[in-house]
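> So the protein lines, in turn, are chains A and B. So in the working numbering the end of the first sequence lands on 383, straight run, no missing numbers. So in the working numbering the end of the second sequence lands on 693, straight run, no missing numbers.
I should point out that these hints are in silico values taken from the structure, not numbers from a laboratory. Be aware that a few hints might be false.
[To be verified] Derived lysine-lysine pairs resembling DSS-like cross-links, with alpha carbons at most 30 angstroms apart:
1. B:581 <-> B:437
2. A:25 <-> A:15
3. B:506 <-> A:120
4. B:607 <-> A:145
[Stated by the list, open to error] Selected chain A positions facing chain B (Cβ under 7 angstroms, derived; list incomplete):
5. 77
6. 110
7. 115
[To be verified] What follows is a set of in silico ranges between Cβ atoms, one per label pair, in the way DEER data are often shown:
8. A:43 <-> B:448: 55 to 63 angstroms
9. A:142 <-> B:553: 37 to 45 angstroms
10. B:579 <-> A:239: 48 to 56 angstroms
11. B:421 <-> A:142: 23 to 31 angstroms
12. A:101 <-> B:421: 19 to 27 angstroms
13. A:221 <-> B:677: 33 to 41 angstroms
Glycine is no exception: its CB is placed at the ideal position from the N, C-alpha and C atoms.
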Amino acid sequence: MTTVIEVKDVNKTFKIHHERNQSLKERILHPRSGRVEIFQALKDISFTVDAGETVGILGHNGSGKSTLLKTICGVLQPTSGEIRLRGNLAALLELGAGFQVELSGRDNIYLYGTMLGFSKKRIDEIFDEIVAFSEIEHFIDTQVKFYSSGMYVRLAFAVAVNVNPDILVVDEVLAVGDERFQAKCIDRIRRFQEEGRAILLVTHSADQVRALCDRAVVLDSGLMIANGPVADALAIFRDAMMKDAVAHQEAGDVSDVTIDSVTTPNGSFDVANGASVHFDVQITSATAYSGYALLEVFSRTGVLVSRSDRMSAPVTLRPGANTVSVELPNVPLLDGVYDLNFGIVDERGANVKAWSEKVASMQVSYNGREGGLVELGAVIRQS
Amino acid sequence: MGDATSAHNASDVSLAPVRVVSARVGVGQRLANLWERRELLRNLITSDIRIQYKGSVLGIVWSMLSPAFTLGIFFLVFSIFLKNGIPNFVIYLFSGLVVWNMFFAGVMSATSVIVDRAGLVKKVSFPREILPLSNVGSAVVYFLIQLSVLGLFTAALRHAPDWKFFLVLPVTFASLYFFTAAVAIVMSALTVYLRDLKHLTAVGLQLWFYLTPVVYSYENSLAKPLHAHHLAGLYFANPITLIVMTFQRTFYVSTSVISTVTHAQLNLLPTWSLATYFVRNLECLGVMIVLFLLALSIFGRLEGNFESEL
Numbered sequence: 001m002t003t004v005i006e007v008k009d010v011n012k013t014f015k016i017h018h019e020r021n022q023s024l025k026e027r028i029l030h031p032r033s034g035r036v037e038i039f040q041a042l043k044d045i046s047f048t049v050d051a052g053e054t055v056g057i058l059g060h061n062g063s064g065k066s067t068l069l070k071t072i073c074g075v076l077q078p079t080s081g082e083i084r085l086r087g088n089l090a091a092l093l094e095l096g097a098g099f100q101v102e103l104s105g106r107d108n109i110y111l112y113g114t115m116l117g118f119s120k121k122r123i124d125e126i127f128d129e130i131v132a133f134s135e136i137e138h139f140i141d142t143q144v145k146f147y148s149s150g151m152y153v154r155l156a157f158a159v160a161v162n163v164n165p166d167i168l169v170v171d172e173v174l175a176v177g178d179e180r181f182q183a184k185c186i187d188r189i190r191r192f193q194e195e196g197r198a199i200l201l202v203t204h205s206a207d208q209v210r211a212l213c214d215r216a217v218v219l220d221s222g223l224m225i226a227n228g229p230v231a232d233a234l235a236i237f238r239d240a241m242m243k244d245a246v247a248h249q250e251a252g253d254v255s256d257v258t259i260d261s262v263t264t265p266n267g268s269f270d271v272a273n274g275a276s277v278h279f280d281v282q283i284t285s286a287t288a289y290s291g292y293a294l295l296e297v298f299s300r301t302g303v304l305v306s307r308s309d310r311m312s313a314p315v316t317l318r319p320g321a322n323t324v325s326v327e328l329p330n331v332p333l334l335d336g337v338y339d340l341n342f343g344i345v346d347e348r349g350a351n352v353k354a355w356s357e358k359v360a361s362m363q364v365s366y367n368g369r370e371g372g373l374v375e376l377g378a379v380i381r382q383s
Numbered sequence: 384m385g386d387a388t389s390a391h392n393a394s395d396v397s398l399a400p401v402r403v404v405s406a407r408v409g410v411g412q413r414l415a416n417l418w419e420r421r422e423l424l425r426n427l428i429t430s431d432i433r434i435q436y437k438g439s440v441l442g443i444v445w446s447m448l449s450p451a452f453t454l455g456i457f458f459l460v461f462s463i464f465l466k467n468g469i470p471n472f473v474i475y476l477f478s479g480l481v482v483w484n485m486f487f488a489g490v491m492s493a494t495s496v497i498v499d500r501a502g503l504v505k506k507v508s509f510p511r512e513i514l515p516l517s518n519v520g521s522a523v524v525y526f527l528i529q530l531s532v533l534g535l536f537t538a539a540l541r542h543a544p545d546w547k548f549f550l551v552l553p554v555t556f557a558s559l560y561f562f563t564a565a566v567a568i569v570m571s572a573l574t575v576y577l578r579d580l581k582h583l584t585a586v587g588l589q590l591w592f593y594l595t596p597v598v599y600s601y602e603n604s605l606a607k608p609l610h611a612h613h614l615a616g617l618y619f620a621n622p623i624t625l626i627v628m629t630f631q632r633t634f635y636v637s638t639s640v641i642s643t644v645t646h647a648q649l650n651l652l653p654t655w656s657l658a659t660y661f662v663r664n665l666e667c668l669g670v671m672i673v674l675f676l677l678a679l680s681i682f683g684r685l686e687g688n689f690e691s692e693l
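Produce the entire structure from the sequences given, and follow the hints as far as they go.
Below, the structure is given as structure tokens:
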């Protein structure tokens with residue numbers, strides 16, 4: 001197999017200016033003021049991608065995955081090391097970054113196409129296809145500034161995928177457009193795979209990696225912590241997420257009531273979809289207090305999955321140590337990591353007596369085929 | 384997609400050239416990259432010109448009106464108010480102004496181009512020096528338009544240019560291009576680090592304009608005092624001077640004239656032979672090409688930190 005991307009010992013450091021001295025006056029008056037911190041975004045990254053492979057790059061925010069991607073695309077230069085690319089590369093980084101809004105869609109197809117490195121002749125050949133794919137035939141001679149944001153992104157995506165690059169780099173852009181357009185994009189990516197082109201997909205969605213990739217690379221604080229089969233890489237990615245969650249755990253101390261701990265040893269537990277979860281929360285109270293307990297479940301994307309009904313959970317705290325038990329009889333959630341928040345509130349829910357953000361994390365594993373957050377078990381039959 | 388369009392098949396990927404992204408790109412590689420992306424350069428120039436006049440009624444005519452206005456003002460001030468006595472002064476003036484306008488427009492628009500298009504620079508990969516070069520490219524287009532107007536002008540005034548000097552002009556124009564490009568490339572990169580340069584450039588160029596013999600004649604006013612103090616070399620260190628003089632020699636022709644005011648003899652241009660003009664212009668071109676390569680190398684050193692400065 002031909003190697004199309006070879007990343008060799010790539011390091012990237014950034015200077016972070018804590019006080020920006022950008023005007024000449026400030027530079028002359030305070031030549032050395034302003035702390036400059038060196039931040040290493042990528043540390044000795046090496047891996048290769050062969051033609052025909054689809055590789056996912058996983059990592060949470062700030063792990064360096066976008067920096068790596070930009071370096072591969074040539075937008076950033078590595079501080080040391082090098083990247084060898086074979087063939088044409090089209091990057092779906094920020095769609096439409098090269099557009100000139102004053103020009104028509106037609107002009108922009110040529111401008112953006114040549115910016116991605118393709119010849120005018122090549123764009124002439126596929127012009128009609130690009131227009132058809134983007135579904136903006138009627139507006140092709142309208143200035144791009146009058147486009148809706150959806151039209152804008154569709155046009156950019158259409159140019160990037162229809163110029164048929166040897167390497168396609170996709171950075172979380174699959175979330176653009178309506179459902180139908182998304183399906184079209186996924187379809188196009190699959191066709192790329194069939195044609196034996198290399199695809200690099202950057203995401204923090206485990207679902208997308210599982211659905212599209214042959215292999216995954218996991219980054220954590222600029223280090224490559226995994227490079228291998230999707231399942232193994234995903235497991236390592238989850239572990240890294242968990243450690244991160246524990247490190248950021250913060251116990252709230254609102255008043256004389258404190259939430260001390262939950263019964264899980266490290267603040268997280270694994271659960272299979274459909275299984276039950278049971279844990280105890282240790283609460284210390286200085287005085288006797290009657291209130292209500294509240295549990296929130298958040299997905300890692302920050303979506304509130306569920307908030308318990310506080311009125312059904314009155315608690316009467318005695319001075320000293322108290323234990324409250326929590327039971328989730330069957331967890332209908334799909335694959336992923338979920339954060340739990342626990343708190344004691346008053347009757348109206350307005351006065352929070354004690355609150356613990358991310359008191360625990362829950363890693364749910366799911367073997368079914370449904371997508372999204374919750375398993376509904378829909379039954380669909382032909383009548 | 385139809386089969387006819389999937390000409391670029393994955394099977395020939397093994398034959399495709401390897402591109403290297405590394406910490407430093409040498410000047411040779413830079414030139415090769417620029418050549419490879421010449422279509423992008425052309426597209427940027429045409430879109431630049433289109434955007435400039437999009438939605439304006441007179442369109443590209445504006446690119447003529449503004450220099451015509453400047454020409455008119457200088458003519459009014461120097462020929463009528465100050466009575467410099469140069470016959471057909473407007474042709475002398477115009478042949479210098481076309482040169483200056485190109486240099487000014489190229490440098491002025493390129494100075495802030497990387498900062499202004501930060502979004503593009505941070506998101507899309509292409510040789511960054513294409514941005515300032517596209518500004519210089521648009522300046523060349525306006526230059527060519529103005530040059531043809533100058534041609535029409537001399538024809539209308541029945542003032543024949545010195546045809547044999549058209550042999551020198553391509554060399555002169557090449558010097559002008561490389562010098563403008565060199566300054567534009569360096570300024571565009573420096574402005575990323577020092578935002579004040581945008582304003583400083585405007586001021587600096589104004590001074591530079593008067594250090595160049597466009598609205599006055601070097602031979603007539605500065606030659607004697609500068610020679611006396613051995614400063615003539617310094618004056619000619621400004622490459623635009625030689626370029627402007629060559630254009631004036633080509634279109635204005637006469638090196639000395641009889642003043643329309645005092646009826647005395649005025650020396651306007653150096654009395655060099657065609658061969659001397661040619662050699663000097665060739666030497667100048669050599670230096671300008673070196674400057675251009677140097678500018679590319681400086682740009683290469685500066686572009687590494689664009690991301691954290693933009």
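> Next step is simple, just say for each hint if it's right about the structure.
Against the structure, the hints come out as follows:
At roughly 25 angstroms between alpha-carbon atoms, residue 581 (chain B) and residue 437 (chain B) fall within 30 angstroms of each other, so this suggested pair holds. A threshold of 30 angstroms between alpha carbons decides the hint, and for residue 25 (chain A) with residue 15 (chain A) the separation of about 21 angstroms falls inside it, so the pair holds. For the proposed pair residue 506 (chain B) and residue 120 (chain A), the alpha carbon gap of about 21 angstroms is at most 30 angstroms, so the pair holds. For a cut-off of 30 angstroms, the pair hint linking residue 607 (chain B) to residue 145 (chain A) is broken: about 58 angstroms separates their Cα positions.
With its C-beta approaching chain B no nearer than about 5 angstroms, residue 77 (chain A) sits inside the 7 angstroms limit, and its interface hint holds. Given hint, residue 110 (chain A) at the interface with chain B, holds; its Cβ is 6 angstroms from that chain's nearest Cβ, closer than 7 angstroms. Checking residue 115 (chain A) against chain B by beta carbon gives a least distance of about 6 angstroms; that is within 7 angstroms, so the hint holds. In this structure the hint that residue 43 (chain A) and residue 448 (chain B) lie 55 to 63 angstroms apart at CB holds, the actual value being about 58 angstroms.
Take residue 142 (chain A) and residue 553 (chain B): their Cβ atoms lie about 42 angstroms apart, and the range 37 to 45 angstroms holds. The given range of 48 to 56 angstroms is respected by residue 579 (chain B) and residue 239 (chain A), whose C-beta atoms sit roughly 50 angstroms from each other. At roughly 29 angstroms, the beta-carbon separation of residue 421 (chain B) and residue 142 (chain A) lies within the given 23 to 31 angstroms, and the hint holds. The supplied range of 19 to 27 angstroms is met by residue 101 (chain A) and residue 421 (chain B), whose beta-carbon atoms lie about 25 angstroms from each other.
Between residue 221 (chain A) and residue 677 (chain B), the C-beta spacing of about 40 angstroms keeps the proposed range 33 to 41 angstroms intact.
Consistency with the previously given hints fails for number 4 only.
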